[in-house]
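S.K.: Residue strings, one per chain:
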Amino acid sequence: MNDKTARRPKAKHQRLALVVLAIVALVAAAVIATWALRNQASYFYVPSQIVKDPPAPGRAVRLGGMVEKGSIVTENDGVTINFVVGDGDARVPVRYSGIVPDLFIEDSGVVAEGRMQANGTFLADKLLAKHDENYVPRELQAMTAAQKKAAVAETTQ
Amino acid sequence: MIAELGLAALWMAAALAALQLAAGFLAARQDDAEIAILVRPAAVVQGVLCAFAFAMLVWLFARTDLSVKLVAMNSHSDKPLVFKLAGAWGNHEGSMLLWVTVMSAAGALIALVERRLPDRTMQATLAAQGFVALGFYAFLLFSSNPFERLPIPALEGNGLNPLLQDIGLAFHPPTLYLGYVGLSVAFSFAVGALLTRQVTPDFARAMRPWVLGAWIFLTVGITAGSYWAYYELGWGGWWFWDPVENASLMPWLAATALLHSASVLAARDALRAWTIMLGVVAFSMSMVGTFLVRSGILTSVHAFAVDPERGTFILVLLAIYIGGALAVFGLRAGSVAEGGKFEAVSREGALVINNVLLSAILGVVLLGTLYPLLTEAMGVRVSVGPPYFDPVGAIFVVPMLLVMLVGPLLRWRQDRLARVRRSAIIGMVAVLAGLLLAIALGAGVLPTLGIALGAGLAVASVLPLKGRRLRRVPLATRGMVTAHLGIAVALLGMASESAFSEERLAAIKVGQQASVGPWQVTLAAVDPVAGPNWTALEGVMLASYDGGAPIELHPQARSFWSPPQETTESALATRWNGQLYAVLGKAADGERWQVRLWWKPFVTLIWYGGLLVALGGLLALLGRVRDDLRRRYVTRKAAERREAAA
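Just so you know, the protein sequences line up as chains W and S, in that order.
Here our numbering is used: the first residue of the first sequence is 1, the next is one more, and so on.
Here our numbering is used: the first residue of the second sequence is 158, the next is one more, and so on.
Derived from the structure by calculation, the hints contain no laboratory data.
Just so you know, not all the hints are guaranteed correct.
[Stated by the list, open to error] Chain W regions said to be covered by chain S (calculated; three or more residues, Cβ under 8 Å): (1) 31 to 39; (2) 71 to 82; (3) 90 to 96.
[Unchecked claim] Some chain W residues close to chain S (C-beta under 8 Å, calculated; not the full set): (4) Gln-14; (5) Ala-22; (6) Ala-25; (7) Ala-28; (8) Tyr-43; (9) Phe-44; (10) Gly-58; (11) Arg-62; (12) Ile-99; (13) Asp-102.
Only a predicted model underlies this, so the values are computations on that prediction, with no experimental measurement involved.
Beta carbons: idealized from backbone N, C-alpha and C, even for Gly.
All chains, please: the whole structure from these sequences, using the hints.
M.R.: Now the structure itself:
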């Protein structure tokens, strides 16, 4: 680069400099975002996946399945419940402290947000159940469809 | 009959949009086209017809005309009148009609008042506006007709989702739509300017009030939506990084960037191509938001694939508008002459950094919102939440806030950091004070950063007023100061809520007490109560702050019967230094009731900050409009004087 172009690069190539700056920032954002998404996105599990290949304890995940009949037990404090989520193949014990959603009942679908503990219990921070006839959490919707498919497969063969 | 009138008005409005597009396009291509006189009247009449169609729909809902499918699906004769009216836009078809109504009203308004731009640019702008509107008319008429009749009238309606039966929410969607659609005007201005190669400061000045207006409505809409989610969902949170929330945040980020780059273009004739680009991006984000919310894709990618008509329609519109605009941009951007130059250390330089970082934040939010949709399409279900958005967003928010400390103090074109050294030191002292305070109180990493930067920005934001007589400061500058102060206030609220909230969950008998933070809360009674379309269990709680006089709270667990659904009505006790948030749960066993209590110090600052930001926008808008009117008055007087002299 000779002296002439080096002296006034800013004035001459300001637009280029701006474009480069914008692209660098956006690429940085995209790279950081993609990296973080691969590492931190909380994955959705069904019980058989949890049993087969459990997520690291403490990692935020979602667990979806059916609340097993007769499994809901309320502890003495009146706000902590223990129940079992199953998908027909595997069962995962879940512990939750809080006010349960209105349509959280046995033999019905639930999505629990939380983390696995070292002892194999899933500690839930939040429970999502069917809100009403129209609104169903998106994981649950596919869940029941998958179960329907499984049921059809079982009865037709 | 009313429905048919509405539908006819909608068809005529669509025809006028087509006329506006054709006439505007022809007029923009050649200077002396006689057809040009049609463009402005077409825009005005189209706005009137569309408003008429919307009024007809509201009337149908007011009368609960159950022979109309949309009314039968979404209303109920028992509903209070205000929610019957709100039901008109609390559903897919009605809200899309509202979208188009606001859009055509905005088109009518620019046709009536905007006289600053060259005629041909104006014609091209209105043609672009007609083009965008036409797509939405097609969407309404072919796949989402709000006036469709039922073959046999229904006996009773289905009702409105009880979560939506809330006065705040009734006016939330219209507010956001005003914001979304205001950005469509910015888009049309950008396309018009690009087509006629008139990317001038005048273009930025013409566009700016629209961006400001849209931005104010988006700010108010996001703030109100956040408060609604806070008290209505009963989860105690105020922002969930839900895709629907992100759908309103992304246009806001883009509009914020556009607002700042438009001021550079208006004041200094720099950042021409960049401003055009942001105009396109801002409206794209409105469209993406509409697509996310309206296509059903959020429920499930698969649900979208099952009933793809509407989603595909919006997606195609999105592709046509954005693809078209980007193509025009690609073809023309090279021929937009480079604007005014500036040094790196200058007001422009700071605003460029603001723009680039805002765009980066926008990219982070967009990727985080779309990622679950992409992976689900490939068969892996993923949810992305605060563990992603909070730290990754912070990487770009923190440097942006640091630049905000000094940016407004810099001079246009060229400045030295040494000149603003004293102010920068004052700001940094405030940052350090906040940092020490947060560490002393034991806040986490992100809240500590929030408190430090919030304190610094609160001080730095008012420094541009230093040494000036307040009464002589222009309204626009006061607006900027107010908005920046609002960001600081909201930031302090967010940090305090996240660092110092206390929660108490207990099952107590009537007469027993639970405490959270400085509050003692006694459950005095649980009574059944009834409303117009719901029954509820209502708790009577006596809350006393630090042993003071008790305040009575009435949290409810409501059951609606049409549609059957239960909602939690939290009860709030607001003090200057925070809020007590109380929720009544279920009966734990024979005698005990579940209660959930939160003490959230300074949480209200979040929404006061949001309102300050909107107020700042309003001050700036008033300032700009007043200057504009004054300029028009002066030029008219000058013209009259010249005539009198001649």
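S.K.: Mind checking the CB of Asp-102 of chain W against every CB in chain S and telling me if the closest is under 8 Å?
M.R.: holds, 4 Å
S.K.: Holds or violated: the hint that Ala-28 of chain W contacts chain S, with Cβ atoms closer than 8 Å.
M.R.: This interface hint holds because 7 Å falls under the 8 Å limit.
S.K.: Against chain S, with CB atoms and a cut of 8 Å, does the hint on Ala-22 of chain W hold up?
M.R.: holds, 5 Å
S.K.: Does the interface hint hold: is Phe-44 of chain W within less than 8 Å of chain S, judged Cβ to Cβ?
M.R.: holds, 4 Å
S.K.: Next item in the hint list is Arg-62 of chain W. Is there a CB on chain S closer than 8 Å to its CB?
M.R.: OK, holds: Arg-62 of chain W within 8 Å of chain S, min 6 Å.
S.K.: Is the hint on Gln-14 of chain W kept, meaning its closest Cβ partner in chain S is under 8 Å away?
M.R.: holds, 6 Å
S.K.: Is the shortest C-beta separation between Ile-99 of chain W and chain S less than 8 Å?
M.R.: holds, 4 Å
S.K.: For the segment 31 to 39 of chain W, does the count of residues with a C-beta closer than 8 Å to a C-beta of chain S reach 3?
M.R.: holds (count 5)
S.K.: Any CB of chain S closer than 8 Å to the CB of Tyr-43 of chain W?
M.R.: holds, 6 Å
S.K.: At least three residues with a C-beta closer than 8 Å to a C-beta of chain S: is that true for the segment 90 to 96 of chain W?
M.R.: This one is violated; 0 residues, fewer than the three required, reach chain S with a Cβ under 8 Å.
S.K.: Three residues or more, CB to CB closer than 8 Å: is that satisfied between the segment 71 to 82 of chain W and chain S?
M.R.: Contact hint for the segment 71 to 82 of chain W vs chain S: holds, 4 residues under 8 Å.
S.K.: Grab the minimum C-beta distance from Ala-25 of chain W to chain S and call the hint holds if it beats 8 Å, violated otherwise.
M.R.: holds, 4 Å
Hint check: violations occur at hints 3, 10; the rest are consistent with the structure.
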